[in-house]
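Enquirer: For what it's worth, our numbering labels the leading residue of the sequence shown as 8, then goes sequentially.
Rather than coming from a laboratory, the hints here were simulated on the basis of the structure.
Heads up, some of the hints might be wrong.
[As the list claims (entries may be wrong)] Calculated cross-link-like contacts (lysine-lysine; reagent style BS3-like; alpha-carbon spacing at most 27 Å):
1. K245 <-> K183
2. K87 <-> K330
3. K330 <-> K307
4. K159 <-> K307
[To be verified] What follows is a set of in silico ranges between Cβ atoms, one per label pair, in the way DEER data are often shown:
5. R298 <-> A107: 40 to 50 Å
6. G21 <-> S135: 10 to 20 Å
7. A244 <-> S19: 26 to 36 Å
8. D240 <-> Q202: 14 to 24 Å
9. A86 <-> G197: 44 to 54 Å
10. A230 <-> D331: 28 to 38 Å
11. R273 <-> D240: 46 to 56 Å
Beta carbons are placed, not taken as given, at the ideal position from N, Cα and C, and that holds for glycine.
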Amino acid sequence: MLALLAVALAVSEGDFVVREFHFASGETLPELRLHYRTLGTPGSPAVLVLHGTTGSGAQFLGDSFAGALFGPGQLLDAAKHFIILPDGIGHGGSSKPSDALRARFPHYGYADMVEAQRRLLVEKLGVSHLRLIVGTSMGCMHSWLWAETQPKFMDAALALACLPVQIAGRNRVLRKLAADAIRQDPAWNGGEYRQQPLAGLRGALEVLFFMGSAAVPLQSQAASRDAADRFADEWMAKRLATTDANDFLYAFEASRDYDPSAGLERIDTAVTAINSADDEVNPPELGILEREIRRVRRGKAIVLPIGPQTRGHGTHTNAAAWKDHLAELLQRSGQRP
8 MLALLAVALA
18 VSEGDFVVRE
28 FHFASGETLP
38 ELRLHYRTLG
48 TPGSPAVLVL
58 HGTTGSGAQF
68 LGDSFAGALF
78 GPGQLLDAAK
88 HFIILPDGIG
98 HGGSSKPSDA
108 LRARFPHYGY
118 ADMVEAQRRL
128 LVEKLGVSHL
138 RLIVGTSMGC
148 MHSWLWAETQ
158 PKFMDAALAL
168 ACLPVQIAGR
178 NRVLRKLAAD
188 AIRQDPAWNG
198 GEYRQQPLAG
208 LRGALEVLFF
218 MGSAAVPLQS
228 QAASRDAADR
238 FADEWMAKRL
248 ATTDANDFLY
258 AFEASRDYDP
268 SAGLERIDTA
278 VTAINSADDE
288 VNPPELGILE
298 REIRRVRRGK
308 AIVLPIGPQT
318 RGHGTHTNAA
328 AWKDHLAELL
338 QRSGQRP
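Construct all of the structure, not just a fragment, from the sequences and the given hints.
Expert: Here it is in structure tokens:
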């Protein structure tokens, strides 16, 4: 389905190489490769869509996202927009530790990832203004950084499945447990392993599964003991076959510099922030989103109730759950004050 949809939407792919990219850590990479996909025609209103941790821009080409948004007459019709789907540093087809450098790869943070996205837009794609940023999970956090540091660059931001504060509490504890599982596996060998440190990687992936799962849909997908066991085995086997320990570790630890909370009042763009009530990463009982959105002049917060369209943290990629709110955001951001 994804391949057929991609063909129907005429997706273009490319790479942009940034020479001597300087990271906030003080490290430098002689050549930073940024992979990207685009749909539509350059010069049309530009839309930047940002993926989550361990993901890539390819995840937005599926039926639940592109099929609900990019088709004829839909909200982000590719015939009327220039849609940009980059792979973040350390992800997908962009430069990452597993390419060659392993643990000698620069320790990138979210600020580096956002700066790389900006340079891709301006220097390679010729985009100096965005109609919209859509960010999911890690990309959601990037959208907050974009709105804060580049308040005139976009008309609107749709922040899906994150909070505009430093990562703390259970979210941070889970991330540390995942990182520790890899680092404490002797087979990791300081990142210079020849074979994947499977014990540590398995422990880290177990944390990732909990963070991304949702009880209600999983009960239907794994409705018996045997079905649940098969689901667990198949999920883990698939992830172990496609996950590199260093890539995972770097991606999880990149959030260490994220904290937009001090500058929320500076945000001038229209922002709609959406979480779902079954999101284990951003549980609604914390009340953080509702509290912080009051500081955003043109901000609006929505917590979707658990329902047929919610998927826990993964609700961010099921556009049917929130596209009506996107329509409202596009309407209210059509003319900047």
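Enquirer: Given the hint of 26 to 36 Å, is the C-beta distance from A244 to S19 inside that range or not?
Expert: holds, 33 Å
Enquirer: Can you confirm whether the C-alpha distance between K245 and K183 stays at or below 27 Å?
Expert: Holds. K245 to K183 sits at ~23 Å (cutoff 27 Å).
Enquirer: How does the Cβ-Cβ distance of D240 and Q202 compare with 14 to 24 Å: does it lie in that range?
Expert: holds, 21 Å
Enquirer: Take a quick look at whether K159 and K307 sit within 27 Å of each other, Cα to Cα.
Expert: Roughly 18 Å between the alpha carbons, so the hint for K159 and K307 holds.
Enquirer: Can you confirm whether the C-alpha distance between K330 and K307 stays at or below 27 Å?
Expert: holds, 15 Å
Enquirer: Do the Cβ positions of A86 and G197 conform to the proposed distance bound of 44 to 54 Å?
Expert: holds, 50 Å
Enquirer: Quick check on a hinted range of 46 to 56 Å for R273 and D240, using CB atoms only.
Expert: holds, 48 Å
Enquirer: K87 and K330: Cα distance at most 27 Å?
Expert: The hint holds at about 17 Å.
Enquirer: Do the beta carbons of A230 and D331 sit within 28 to 38 Å of each other?
Expert: holds, 30 Å
Enquirer: Is the hinted range of 10 to 20 Å satisfied by the C-beta distance from G21 to S135?
Expert: holds, 19 Å
Enquirer: Could one say that the CB atoms of R298 and A107 fall in the range 40 to 50 Å?
Expert: Distance hint for R298, A107 holds at roughly 44 Å.
Hint check: no violations occur; every hint is consistent with the structure.
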